[in-house]
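K.L.:
Residues per chain, in single letters:
Number of protein chains: 2
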Amino acid sequence: LYIAKNLMEKRRLHVCLTPALLPTFNVEEYVVVVIDILRATTSMCVAFGHKVASITPVETVEECAALKAQGMLAAAERNGEMVPGFDFGNSPFSYMKPDLAGKHLALTTTNGTLALHQAHQLGAQKIVIGAFTNMSTLNQWLLAQNTSVLLLCSGWKQRLNMEDTIFAGAVARTIGHHYDSMDDAAQVARTFFWSANLQKRRFFERSSHYTRLVHLNLQEDVKFCMKKDTFHVLPIFENGRLLDMMAPDYAQLHAAAVQ
Amino acid sequence: LYIAKNLMEKRRLHVCLTPALLPTFNVEEYVVVVIDILRATTSMCVAFGHKVASITPVETVEECAALKAQGMLAAAERNGEMVPGFDFGNSPFSYMKPDLAGKHLALTTTNGTLALHQAHQLGAQKIVIGAFTNMSTLNQWLLAQNTSVLLLCSGWKQRLNMEDTIFAGAVARTIGHHYDSMDDAAQVARTFFWSANLQKRRFFERSSHYTRLVHLNLQEDVKFCMKKDTFHVLPIFENGRLLDMMAPDYAQLHAAAVQ
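Top line first, the protein sequences correspond to chains H and C. Our numbering applies: residue 1 is where the first sequence begins, and numbers increase by one. Our numbering applies: residue 1 is where the second sequence begins, and numbers increase by one.
Everything hinted at is true.
Copies of the same chain look alike in the list, so a pair counts if it works inside one copy or between any two.
Derived SDA-like pairs: lysine to any residue, alpha-carbon spacing no greater than 20 Å straight-line: (1) Lys-157 x Leu-22; (2) Lys-157 x Pro-23; (3) Lys-126 x Arg-11; (4) Lys-10 x Asn-146; (5) Lys-157 x Ala-20; (6) Lys-51 x His-232; (7) Lys-157 x Thr-24; (8) Lys-157 x Glu-29; (9) Lys-227 x Arg-173; (10) Lys-10 x Ser-208; (11) Lys-10 x Thr-211; (12) Lys-157 x Arg-12; (13) Lys-103 x Thr-56; (14) Lys-51 x Leu-73; (15) Lys-157 x Ser-181; (16) Lys-51 x Lys-103; (17) Lys-228 x Met-246; (18) Lys-103 x Met-246.
In short, the hints are calculated from the structure, not lab data.
Just chain H, with the same shape it has in the complex (with noise of 0.2 Å):
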């Protein structure tokens, strides 16, 4: 029994902080977990909350345009603002609408879509996404795979950002004791979640991300993406886009993806 339990894998828990460290992990040995909290992340599921039927994450401005000619919706962001011609930026109030049921939507943000594509090309073994919007699926579908976490932080450019590492840390504070172990940065994300969370706004507020969206006027966009479990949505990266699995049509999609 002893030996049958050093045999079995050790499932580990460890946090990415930003994107430029990503290398430093064997990203095939994770189910990866993409974090951009504002917005990216939050607003992808919101609309899988509106019933989006798939979203597909493009790395340039280009491909995502080249996707609206061919009729889908289209979202693009850079530096926190929408691009002129696509139909929504990267706020999550402007996929709060009931006509996205059944589209489909190509998006590119300055962040997030570029560390997903990042932890596809370096062979995660499944990538979904992660927001305090999803927070409490998120965790119960990790719990459920037999396999270590990567928590991957999209931050800002390639540098740690606070609002994706209190994330982090919020579900290593939630789920870490389920794991064999943690790393050093997931132990740092979860104490500066721990020590963050009864001052959460004043943290975001000192954030420089923060000061960036503020100078836009999107302090609402803010508070939205700190609110816990606004949806039952896990979106998962199949065949270059991204699906709901907790749809009830997710069975269908995703056979028709495998294809």
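Assemble chain C onto chain H, guided by the hints.
P.N.:
This is chain C only, laid out in the frame that chain H set:
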């Protein structure tokens, strides 16, 4: 006056949590503090506290052996252990010897010397050595410089570690309010230090590097490395070697070095 104030260069306090993130900074804008608490920068401070004349940090064991062959004292550590055939490993206690006085030392370590050379190659304005051992001397000197500061954590093999993050946070907490801005990494480190401060030992015990050191029976080293202001020294990197700016003969050694 308003214009004059805006034209004045802003002094920023930034934290680089691992050398892997160093290329994301314009290193030439900063005075860089190299941090490797367990144990390279701590040991360097101890050696200068025992009046070593200079320390030449080198990247490889081979370079270190070559300098030893030329008659220098030499210290080499890899993965926490002393490399056989050298005079010292990386324990601060091994440098507490009166016969170090006036000697020239060559040194290579797993993480700290590498971080120092990266900062040098990327054109740091000045490079100094920080540890709890010389923390107040370091802080006073930093405040006297009219420049931005980058606290460079050596980490462990390109990953973040707790003890370097805690020290960066301790510095940010002590002198951060004198700077015009801090980045999100500095905020995270500062908060982490604050949480860790009351229970420092417990934090170190969770750290992955501590676990490695305990395995090597080095608890006494860890205790020493956490102690503040043991020596009034401030090593600076000049012309390929470290000199102690607080040494009575520093001006003389410096003049010789720049000739």
